[in-house]
Structures are given as C-alpha cells and as structure tokens.
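Put together the whole structure using the sequences plus the hints.
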Amino acid sequence: MRHKVAGRKLGRRKDVRAALRRTMINQLLVHERIRTTRAKAEFIRGSVERLITLAKRGNEMGNAAMVHCRRLAAARLANPEVVQKLFDDIAPRYAERPGGYTRMIKLPPRMSDSAEMVILELVES
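In this note's numbering, the protein residues as written are 1117 to 1241.
By construction, these hints were calculated from the structure, which means they are not laboratory data. Any given hint could be a false lead.
[Claimed, not checked] EDC-like cross-link-like pairs, simulated, lysine to aspartate or glutamate; straight-line CA separation at most 16 Å:
no. : residue 1 : residue 2
1   : K1222     : E1237
2   : K1201     : E1158
3   : K1156     : E1232
4   : K1156     : E1237
Please read these numbers as outputs of a predicted model, since none were measured by experiment.
Rendered as structure tokens:
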C-alpha cells in the first residue's frame, strides 16, 4: 500500500521523470493546451500553477526580485523563450486571479490501451 507516499513515479526513473515534467511544462506554456493522460496531467499541474504564481509575484516586485524569480523559473524550465513568454504574456493575464490557472477536460479513453485522456489547458481570464 502507498499510504502517505507523496508524488507519482509514472513507471520511470527519477531523471526521466524530471525530463518528462520539464518537457511537458514547456509544451503547455508554449501551446497553452496539451493532450495527455490524466496521470501525467495531474503530475505537472501543480508545477505549472507554482510557476505562474512565481511569475506573477516576480512581476509585482521590484527589479532585483523579478530577476531572482526569472532565474528560479529558468532553472526549472531550461528554455529562455518559455521563461520570457511566462513572465511577459502569461503572468500578466492572471494578475487579478488568485489561483486555478489550469483546467482539465476529460476525453474518451485512448484506443490502444484505454488510458484516461485529458486536455490540460490554461484558463482564459
């Protein structure tokens, strides 16, 4: 039993899970909508919410704090174009929203293995 065990393994090693998380977050922030399995969507949803909140707080603060927040986001995303889009386009969109930046829409199961599929997207403010 997995009582009180936090996180998901997704059948992968730690480094592969980290790469999967980074790639999926980058794709979600670039395209603002991705189609994936429910387990993977739940796996990255919290990280995306935290990154958007970090970008919002960085934009609200002064110059030094904003640079610090951009560096924290860049360390997690490893893609400067995505960091720029996060801080310049996405975060200002949610300036007045207290949270809940993503939405999961259920889809029919995948044909090959009947995995639960969802669309994970950024909500329109």
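A quick look at each hint next to the structure:
1. K1222 to E1237: Satisfied, since the Cα-Cα distance of roughly 11 Å is no more than 16 Å.
2. K1201 to E1158: 23 Å, violated
3. K1156 to E1232: 10 Å, holds
4. K1156 to E1237: Holds. K1156 to E1237 sits at ~13 Å (cutoff 16 Å).
Taken one by one, the earlier hints fail for this structure only at number 2.
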